[in-house]
Amino acid sequence: MIHRTEMTTPLVSPAARTVASAHYSVRRLDMAELPQANDLYNRCHRASRPLVEAEWLYRRNPYGEGIILGAFDQDGRLVGMRPAIARRFFWDGKEKQAYQFTDAVVAPEHRNRGIFGRLVDSVCVLGEKEDFALFSFPNEHSLSVYRRTPSLAEAGVCEVQVRILSWLPYLRWRLDGHGAVRQPQPAISRAPLEARGLGLVPIDRFDSDFDGIHAALASRVASFTLRRREFLNWRYFGSPTRTYHVALVERWGQPQGYVAFRLVDRIAHVVDLFLSPDPRLAERTLALVTRWARQSGAIAVYFKASQGHPFRRALRGVGSLAWLTREAIVLDRASVDHLASSRGRRIGIEDFYFTMGDGDFF
Numbered sequence: 001m002i003h004r005t006e007m008t009t010p011l012v013s014p015a016a017r018t019v020a021s022a023h024y025s026v027r028r029l030d031m032a033e034l035p036q037a038n039d040l041y042n043r044c045h046r047a048s049r050p051l052v053e054a055e056w057l058y059r060r061n062p063y064g065e066g067i068i069l070g071a072f073d074q075d076g077r078l079v080g081m082r083p084a085i086a087r088r089f090f091w092d093g094k095e096k097q098a099y100q101f102t103d104a105v106v107a108p109e110h111r112n113r114g115i116f117g118r119l120v121d122s123v124c125v126l127g128e129k130e131d132f133a134l135f136s137f138p139n140e141h142s143l144s145v146y147r148r149t150p151s152l153a154e155a156g157v158c159e160v161q162v163r164i165l166s167w168l169p170y171l172r173w174r175l176d177g178h179g180a181v182r183q184p185q186p187a188i189s190r191a192p193l194e195a196r197g198l199g200l201v202p203i204d205r206f207d208s209d210f211d212g213i214h215a216a217l218a219s220r221v222a223s224f225t226l227r228r229r230e231f232l233n234w235r236y237f238g239s240p241t242r243t244y245h246v247a248l249v250e251r252w253g254q255p256q257g258y259v260a261f262r263l264v265d266r267i268a269h270v271v272d273l274f275l276s277p278d279p280r281l282a283e284r285t286l287a288l289v290t291r292w293a294r295q296s297g298a299i300a301v302y303f304k305a306s307q308g309h310p311f312r313r314a315l316r317g318v319g320s321l322a323w324l325t326r327e328a329i330v331l332d333r334a335s336v337d338h339l340a341s342s343r344g345r346r347i348g349i350e351d352f353y354f355t356m357g358d359g360d361f362f
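Anchor point for the sequence shown: position 107 equals 107 in our numbering, and the numbering is continuous, going up by one each time.
Among these hints, one or two may not hold up.
Said to hold, decoys possible - Estimated spans, in silico, between C-beta atoms of each pair:
no., residue 1, residue 2, range
1, S342, W252, 46 to 52 Å
2, R313, P150, 17 to 23 Å
3, G317, R174, 20 to 26 Å
4, D73, R147, 25 to 31 Å
5, D131, A191, 23 to 29 Å
6, R346, L51, 26 to 32 Å
7, Q295, D209, 36 to 42 Å
8, N112, R313, 27 to 33 Å
9, S208, N112, 16 to 22 Å
10, P62, W252, 28 to 34 Å
FYI, nobody ran anything at the bench for these hints, they're computed from the structure. Quick caveat, the model's predicted, so the values are computed rather than measured. All C-beta atoms in this analysis are idealised placements derived from N, C-alpha and C, irrespective of residue type, glycine included.
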């Protein structure tokens, strides 16, 4: 029998207690209840996510276990959940504990009863109590709830930059519902790439914390997610179901950062680019990434990041196109206000650096 411990401190603000949601109890799930949460996820998404993937995501994270707020009906059945995974920000020169919203679901027969809003509000209250930051890349349905949540603020949007490598297959992919080029993925080249002293060296493990890169990037933006080796190894090499391709960026043999991409339907999605904010370095790195993607059979290279990020000009330098997406970036208002107070000015999206790798673990 699973032992359920009720929280002694209320997590729900009065504004979230609608008449409908009052029929449900909200509490934090124990990790022993993860199988129930994963079953609900699979039911709502009509998916077949293995339990081992959920355990990797919520239990194996070196930054800490996830937080899963669950809603239960009057019979004690789990009918909704608002999970968040542990992250850390490099926040105005210091480390700050954070959690990223992910995997929210409500059973179809219990929707439109205020459950999702109540769960969101519950996590926000917990964040205020335990002093951690919150962030999310919500879809349109979630965003409408976040906009009505006083504890959250919409910081800005993402933008996509794309370098098309093969126009005809790419146009077919776009016009035919992103399915025209689905086929077995080609083997990914693991040979180092080099051009005028700059190289990409494929790796299968991180051995550096990139302290110098953190300090250099912090001179350009106020906040970004912390990249420590134990987290990076978990993130890019620990998933039981997803494969990422990672390379160190080296200049004359000296590490300058790293790049990671995932090849899906012959689109090379650059999920992370972590370098010193040197425009020439970034432009040359992305030119090498384009070569690597082309050798791997990609028809295009995608890079999605927060609008105005430090590397967008470098991408334009290698011939990429750019457009804004409707994907918003949301953070908790208290953390943003604190950052603005410490800087003595208003904080905008250009003060942050988020990549696709910071999102829903693409």
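Each hint tested on the structure:
no. : hint                      : in the structure
1   : S342 <-> W252: 46 to 52 Å : violated, 37 Å
2   : R313 <-> P150: 17 to 23 Å : violated, 36 Å
3   : G317 <-> R174: 20 to 26 Å : holds, 24 Å
4   : D73 <-> R147: 25 to 31 Å  : holds, 27 Å
5   : D131 <-> A191: 23 to 29 Å : violated, 47 Å
6   : R346 <-> L51: 26 to 32 Å  : violated, 45 Å
7   : Q295 <-> D209: 36 to 42 Å : violated, 30 Å
8   : N112 <-> R313: 27 to 33 Å : violated, 45 Å
9   : S208 <-> N112: 16 to 22 Å : violated, 49 Å
10  : P62 <-> W252: 28 to 34 Å  : holds, 32 Å
When the structure is compared with the earlier hints, violations turn up for hints 1, 2, 5, 6, 7, 8, 9 and for no others.
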